[in-house]
Each structure stands twice: as C-alpha cells, then as structure tokens.
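**Q** Here is how the chains run, residue by residue.
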Amino acid sequence: MTANLATTSGVTTIPALLARNVAEYGAAPAYREKEFGIWQSWTWAETAKEIEALALGFMTLGVNEGDHIAIIGRNRPYLYWSMVAAQMCGAVPVPLYQDAVADEIAYVLDHCGARFVIAQDQEQVDKVVDVQGQLSGLDHTVYLDPRGLRKYDHEKLTRFQTLQENGLAARAEHEPELQARMARHDYDTTCVMLYTSGTTGRPKGVVLSNRNVIETSKNSSEFDDLRPGDEILAYLPMAWVGDFIFSIGQAYWTGFCVNCPESPDTMHSDLREIGPTYYFAPPRVFENQLTNVMIRMEDAGKFKQWLFHHFMAHAKKVGPDLLDGKDVGFGDKLKYKLGELMVYGPLKNTLGFSRVRVGYTAGEAIGPEIFDFYRSLGINLKQLYGQTEACVFITQQPDGEVRSDTVGVASPGVELKIAENGEVFYRSPGVFVEYFKNAESTADTKDAEGWVATGDAGFIEEGSGHLRIIDRAKDVGKMSDGALFAPKYVENKLKFFPNILETVVFGNARDKCAAFINIDLTAVGNWAERNNIAYSSYQELAGHPQVLATIQGHVEEVNASVAEDPMLAGCQIHRFLVLHKQLDADDGELTRTLKVRRRIIEEKYADLIAALYDGSSSVSTETEVTYEDGRKGSIKATLELRDAKVFAPVAVAAE
Amino acid sequence: MSGGNYVTADGRQIGNVLMEMKNITLRFGGVVAIKDISFDIHEGEIRAIIGPNGAGKSSMLNVISGFYHPQEGEVWFRGSRRPVMKPYQVAEQKIARTFQNIALFDGMSVLDNVMTGRLTSMKAGMFAQAIWKGKAEREEVENREVVEKIIDFLEIQAIRKTPVGRLPYGLKKRVELARALAAEPKLLLLDEPMAGMNVEEKEDMSRFILDVNDEFGTTIALIEHDMGVVMDLSDRVVVMDYGRKIGDGTPDEVRNNQEVIDAYLGVSHD
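So the protein lines, in turn, are chains U and V.
Residue 96 in the working numbering sits at position 96 of the first sequence, and the numbers go up by one each step.
Residue 50 in the working numbering sits at position 50 of the second sequence, and the numbers go up by one each step.
If you're looking for bench data, these hints aren't it; they were derived computationally from the structure.
Take these hints with a grain of salt, some might be off.
Below, a list of computed lysine-lysine pairs in the PhoX-like style, where the Cα atoms sit at most 25 Å apart [claimed, not checked]:
(1) U:Lys-151 - V:Lys-202
(2) U:Lys-632 - V:Lys-202
(3) U:Lys-645 - U:Lys-632
(4) V:Lys-161 - U:Lys-348
(5) U:Lys-581 - V:Lys-149
(6) U:Lys-316 - U:Lys-326
(7) U:Lys-34 - V:Lys-186
(8) U:Lys-151 - V:Lys-123
(9) V:Lys-123 - V:Lys-94
(10) V:Lys-133 - V:Lys-86
(11) V:Lys-161 - U:Lys-34
(12) U:Lys-326 - U:Lys-304
(13) U:Lys-595 - U:Lys-488
(14) U:Lys-34 - V:Lys-149
(15) U:Lys-581 - U:Lys-636
(16) U:Lys-302 - U:Lys-348
(17) V:Lys-133 - V:Lys-123
(18) U:Lys-218 - U:Lys-446
(19) U:Lys-604 - U:Lys-581
(20) U:Lys-595 - U:Lys-581
(21) V:Lys-149 - U:Lys-151
Here are the in silico distance ranges between beta carbons for each label pair [as the list claims (entries may be wrong)]:
(22) U:Arg-272 - V:Phe-99: 32 to 38 Å
(23) V:Gly-196 - U:Arg-284: 52 to 58 Å
(24) V:Glu-215 - U:Ser-536: 49 to 55 Å
(25) U:Glu-298 - V:Phe-99: 35 to 41 Å
Every residue gets a Cβ at the ideal spot worked out from N, C-alpha and C, and that includes glycine.
Based on the sequences and whatever the hints tell you, model everything.
**A** Take a look at the structure:
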C-alpha cells in the first residue's frame, strides 16, 4: 500500500488512476459481470482498452470538453466504462436513476443540457425517444442491448460496440486530441455530476471535482484498509453517490474488483457466488434478509429451529465482543466456534457474507436488533453518515467502536460543527463544488468558509465523540403544546417490526400524533399463509382486521417505549391507519432512494389525515397510482381508523 | 392477400411461402373438426389463427405440427409435400411448439426443462453421456450456451435453478416458450400463449414474441383469444368458425369482414 501511495502522488484524474492500475495490477480483474450464466471478467489492462476505444468513439461523435453525457441503466461494466471514457474526453458523466419515468429523465436531461445519452436497453431508449422532442440539446443516443431496437431510426442512435469500433477505426485522427485533453485535466476538473434524489422539490445537480472524489476515496479507503484483491458487488443505483464512490472512486484508487449482477432479480445468488469482502447495503436490505431468514427458519424442522435459536442466543451474547476483539471466556469462545461450524458459517454463506471484511449501512436508522444480529454472526457491519454533497463520507464508525445508535466519528479529513439549532455542519476535501446552474441553492447550503449544512439535527456524544442524528432538521417540529416532535424517531421504532415496511407520523403543530402505516407484504403475507388467512390483494390484506390488530399491538408497544423518554413522550401515536397501497417512488411518495417525501404525502392524502384527526372510524378514499410504464390509474378503498393506547410519561426515576 | 412476398405495415420484408395448407379436412369419427381449409405461412411472418371456442384452431395447430393427420388435403413445407410423420420427425424439421395447458416437467429445474429443447441436437450416445467425456461434454457445453442465450433473452435468469412446479403460471408459460426456442425453430407454434395472463404478463409475452420474430427471424403461428393482442401482434390472420375458414388477411381486413363480425358478435335471426 505504501509503495502504491508513493507512485500515486500527482495522479489527479480517474483516467490517470486507470493508467496507474494498468501499470500496477494490469492482469488482475477489474470488472466481472455474470452473463449467460457465467462470470465474465475483464482485467485492468482489458478494461483500459475498452474504455479507450469508447473514448475514441465519443470523439467520432464530436464530444466536446464540458459536454454532459447522461448514463441510464442498471449496473453494468459497460456503463461504468462510459463514465471514465466521458472523463477522458473531458465530458461530464451524469448517471441517472434507471427506474425514473420519462418526465423525471426529461427534467434532468434538460437541466444539464445533455448532448449524449448512453442507454442500457430498449426500455431506456424509449424513454429518451419519448422526451427527445422537448430537448433541443440532445444530439445522439448510444445503446448497449440491441434487442428490439433493430427497427429504430439509427440516424441519431448507435450501438455501444459499433461506437467502439468506429473509435478504433478513427484512432489516428482522434488520439492526439484525446491525449491533449487528458493532459489538460487536473484536480479541479469536474469528475461527475450526480443528481440528488430530492426529498423536497426538484433534484439538484451536485458537481463533484476530481479532488472531491479522489481525496475522499483515498481517505476512506485508508480508514478501512481497503486493498487490491477486495471484491464488491455493484447493485445499488448508479446515479447514487455511494455507488459512484465505491465502484469508481475507491475501486480505481485501491484497484479492487467491481462485480455486476446478472440481473436485478439474481442479486442474492450473485452475492453468494462472489462473496464480496466489502459490502454496502441500506438498512432495508438487511431488514429484508433478516425477515427472510426468520420466515425460512419457521418452516424448518423442530431440531433445526432449536439449534438456530440456541446458537443465535449465544452469538448475541458474545459475538459482538469477539468482533471487537474484547476478552471472552474460553468456554464461550469454544461454543462460538461450534456455532460457527453449525449455524453462523452456513448462514453467512447463504446470505453471501462469508468473506465480508468491511460492511456498511447508511441512509436510514437501522434497528438495533437487526444490527446486532449481523454483528453477532461475526459480520463487521458498521454505520456511516453521508451525503451526495460530501462525496458520501461525513462520519463513519471505526472498527471496535460500532454501535447501532450513533453514526460514528468524523471521517478522515472531515471537520464537524453543530449549529445552535442543532443542525450538523461539516467541511472536508470532499465538499462539492456547486449545484449546477443553481447559485442560490449553493449559497444556501455552503458558506464562504466551505461549511455545508446537512439539514439534519444531531449532537456529538460526550466522551466517545460519536455523532448522533436525531432527525431531519426540517422535520423536527413542535406539537401544539410545545413538546418536541421528532417523527423519524417514532417511525424508526415502528419500522423495526418486520410487519411494518414504512410509516409516516404526523403531529407537527397538532395536539396529538397520528400515523400512516405500510405493511411488509413478505412478512405479513407469510403470516397470513401460516394462519390460513385468504387474501386476494395487497389492499385486502392491509385491511384485514387481524392485521390491524397486530399492527395496533406494535403501535402500542412503541408508545410504551416512547413514553419512557420524557422529552418525546408527546410523540405517542393516538390514532393510525394502514394504507391501502404501498408508498411508491413512481407516485412521487418516496424518493428514488426510497426516503419518505412528507410534504407530498401530506398533500396527497389530506383526506386521510383529516379523518385521523376528526375522530371518524372509517374513511373512503380514492388514490391515483402510476404504473411502471408511466400510465395512471386509481384505486378506491375504505380504510378503518384505529385508536391506540397511549401511556403516561414515565416519571423520571428519583435521583 | 395470400401468396407472394410482401412488406408489412412496419416495414419488415416477408419472405417466401414456408408452409402451405391445401384443402385440409380433419375428421374425428363423424365430427368434422376442419373442413377444407387452405392458407399459407410465409417465412418471417407472425400468423394468427383465431376463432370462437370449438372453431378448430387447436386441431389446425396440431395438423401443422404433424400430430394430427388430416384425412384430406396436403401440407406443404419448404416447397415439398410433407409425408405423414412422427412428432419427433417434425421436431427435426425445426418446428417447435408450446401448449395451451403447459406441458413442462414439474420436478425439473427451468434450466433442465429448457435443455430438453436441445435434445434433437444431442448426438452422443447414452454411455458417452453417462461418462460425460469428450463429445458428450463438448455437446453439453455448446448446447448450454444456446440455452443460456435464450434464458438471457427471456429474462428468466433468476429462476434458472428453480423447479418448474414452484413457478407461477405466467413464468411457466415463459419457460415453455424458452424450451420451444431452444430447438432453434424455423417455425414456432404457440397455442394460446396469453391465456390466463394478466395485462402486464400479456404485455411482456407480446414483447417476447415480437422480439423472437425480430431477433431470430423465426416464423410464428399462434392461436389466441385476446383480440387486442392478436390484432397488435400479427401480420396476417386466419379466422375459423365451426371448422371452416371465414376470413384471411391483415388484421384490418379481418376486422372489417362482415362474416367475422357475425361469428364473434353473433347475428340476429330475423
């Protein structure tokens, strides 16, 4: 690693890192993708050839420095190459969310004035064709999968491989210019532009420079001792900053291998086959996996169940300590070893976590039980706190200091400060350059000294120096009696129940709190099957009286636990309803990274909220839904509203 | 509109006659299932056979596939008259089909089911297969490659190793299509490919059928009840009613044919 660093000083662009990797680890795998049932792989040397051919191809299309090249599709090596090839030409890659509907894509393409689009398949090309009329700047589309596209007008459409061939054929003509451009780019050249998912309002284009990306990748890779030979699975949206930093920034900095799944549906079996050593997943993924494990255990035989529960109880007791290298008794150690052989090892293998050395979760709070479950198995799962504007890393948990209720200490190179109103600010080499074409927002977020407002309220714990996040600063409010209202705090507690997938708590400026709840179809569906409860649709299951009773139980449990905190006792949920449809990003209710958009939900379901507060026991409603292909429909439902028991605040124990 | 090459509405060049049915009559005892029907199928086209229940559509498909032998009439395939053949001989002629009521091996994985579609191109003997050396191994690798391309094409990678019996109906239909495609057919016969599917599954299946036709140049003959689907998919349509042919032409021609309208909507007897 040290040798590597010495030769790396002065490397200031991603294409330059690529050249370094070819020189240092030319024959090591850089990318793998499962296709036709087999893992295909490309070494760093092969990768460089592919990328160069593509960059030359871009030159034949007339890509200029500063042009924006949009990239839409699932994680595939070709699309990652497109980003680096764009950087070689001095163009700015702009990855987009592949499940975005045509409207959203039109907005982004128009906003960044993209001249070129790299689209994965017919579905994505269709979206671009749909909105092409509204975009004057769009010049040419390149596609990867030719299927179904044969009959399309190819005047402004080229196949990826054809473009590479054209590029290679015109090498003599374009290579000098390409070299000249690469020599011109430095630390302050734009590396990538990423659109924030936008919990509020339209997405903003975050401009990140090479300095931002490379410095951050360097610091974070050293923090976790990432090294060549590490493996990651690239399955999270390419438009998300995390994927860019992990799969391009850190991968190019340390020279590890990026593995792309065969299809989104095969992610879990691909994960198992690759056995990544470095893994990131949002809490939702870990929750789903745990739910699946538990469901499958319930189907197992009595003896297996006993074995599982017995050893898991032991793991819970000593697993985290062992992971942190603390002292554990000899007998306990031996029993843990036995458990490893019989339960933990096979389970980790099934989950694909056998080789995970560094695992992260972030984005939302993770339930302590879920977090402890994975850690007790010996998986080094940690939390980090990050933002697009920071190139991900603001705080992260060092090995040995991992807890479920903090997000860790400031990442290397990051300074933190807490404003008077509790909002967290940070400053780091990773801090973004600006919001594209939006000086006003840039000024609102980043001050002259480079401090950036996170929009989250939190505090630094005394003693440990760990940051704890309470809630979005905007969402923290006051109830009508002046008590603190922190919806996320309550929502997280609710979401820790496997039966509850999502929830939205209301109560700002009101006298009581009320909640919308989304059931988790996997968990509740399994329960229904087990209890011979027939249902024909999500809506019917969600409205089933027994489901409502179970949810009511969960709500009351949460109320009891909220009541223990005198500061937040007012946030107990007095009334709730179970929504007849799942909150969905296609309907604008969630962001593409699946965060709740409160304002939109409040407007859309105003009738339901009114019913929660007027005391009625049922309400009829009609909701517009958007299908995946962009068509709209509506569903009607009559929902039952229930009261939940609330508890008197627990008196503070006598001091 | 029958006979001769033509260009479809969306600009595809349709080739020569691939199969021709000449005055086919099929009887089961006293029941006449098909009465003196003639039509042809051109290379590269999507040809639909429609008609109300009991019109004789499936019987027609079984005649095409060589499972039924008509008492009268001739089946011409690639320019020569087809003798009475066993189903496996038909398969060797590169004609593959799917069934109205799915006919897969429930206990076998999707992959194995699709591999059975390659049987006609496996030549190694039983012993060689058992030892799995040399030719047998080479053959399996080659055939697996073909099968994997089809699995990729039909987007069923995630269920590659799943036993077919555990799959929902819509996916089983897709697996059946995969098995038929594995035979690399020149002519693909689909018996109600969309029956019992919801709108989304129908859309997926329609896209696959169009893509198969487009990508592999496969000629497709299909039976379908869903008129919307038929009209969107097919280049030419044969309409049957009570064993007779009552219409033949492009979807537009058929749609405006009075006899067809009567057969479908009924006609008042006054």
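**Q** Each hint should be assessed against the structure and marked as holding or not.
**A** Results of checking the hints against the structure:
1. U:Lys-151 - V:Lys-202: holds, 22 Å
2. U:Lys-632 - V:Lys-202: holds, 18 Å
3. U:Lys-645 - U:Lys-632: Violated: U:Lys-645 and U:Lys-632 sit about 38 Å apart, past 25 Å.
4. V:Lys-161 - U:Lys-348: holds, 21 Å
5. U:Lys-581 - V:Lys-149: Status violated; Cα separation ~37 Å.
6. U:Lys-316 - U:Lys-326: holds, 14 Å
7. U:Lys-34 - V:Lys-186: Violated: U:Lys-34 and V:Lys-186 sit about 30 Å apart, past 25 Å.
8. U:Lys-151 - V:Lys-123: violated, 38 Å
9. V:Lys-123 - V:Lys-94: holds, 16 Å
10. V:Lys-133 - V:Lys-86: It is violated: about 31 Å lies between the C-alpha atoms, which goes past 25 Å.
11. V:Lys-161 - U:Lys-34: Given that 25 Å is the threshold and the Cα spacing comes to 15 Å, the pair holds.
12. U:Lys-326 - U:Lys-304: Distance of about 30 Å is beyond 25 Å: violated.
13. U:Lys-595 - U:Lys-488: Given pair U:Lys-595, U:Lys-488 holds - Cα atoms ~11 Å apart, limit 25 Å.
14. U:Lys-34 - V:Lys-149: Holds, because 12 Å separates the two Cα atoms, which is no more than 25 Å.
15. U:Lys-581 - U:Lys-636: Holds, at about 10 Å.
16. U:Lys-302 - U:Lys-348: Judged against 25 Å, a Cα distance of about 21 Å means the pair holds.
17. V:Lys-133 - V:Lys-123: holds, 13 Å
18. U:Lys-218 - U:Lys-446: Status holds; Cα separation ~23 Å.
19. U:Lys-604 - U:Lys-581: Satisfied, since the Cα-Cα distance of roughly 13 Å is no more than 25 Å.
20. U:Lys-595 - U:Lys-581: holds, 16 Å
21. V:Lys-149 - U:Lys-151: holds, 21 Å
22. U:Arg-272 - V:Phe-99: 32 to 38 Å: holds, 35 Å
23. V:Gly-196 - U:Arg-284: 52 to 58 Å: Violated - the Cβ-Cβ distance for V:Gly-196 and U:Arg-284, about 33 Å, lies outside 52 to 58 Å.
24. V:Glu-215 - U:Ser-536: 49 to 55 Å: Between V:Glu-215 and U:Ser-536, where Cβ atoms are some 37 Å apart, the hint is violated.
25. U:Glu-298 - V:Phe-99: 35 to 41 Å: holds, 37 Å
Figure legend: structure checked against the earlier numbered hints; hints not met, in rising order: 3, 5, 7, 8, 10, 12, 23 and 24.
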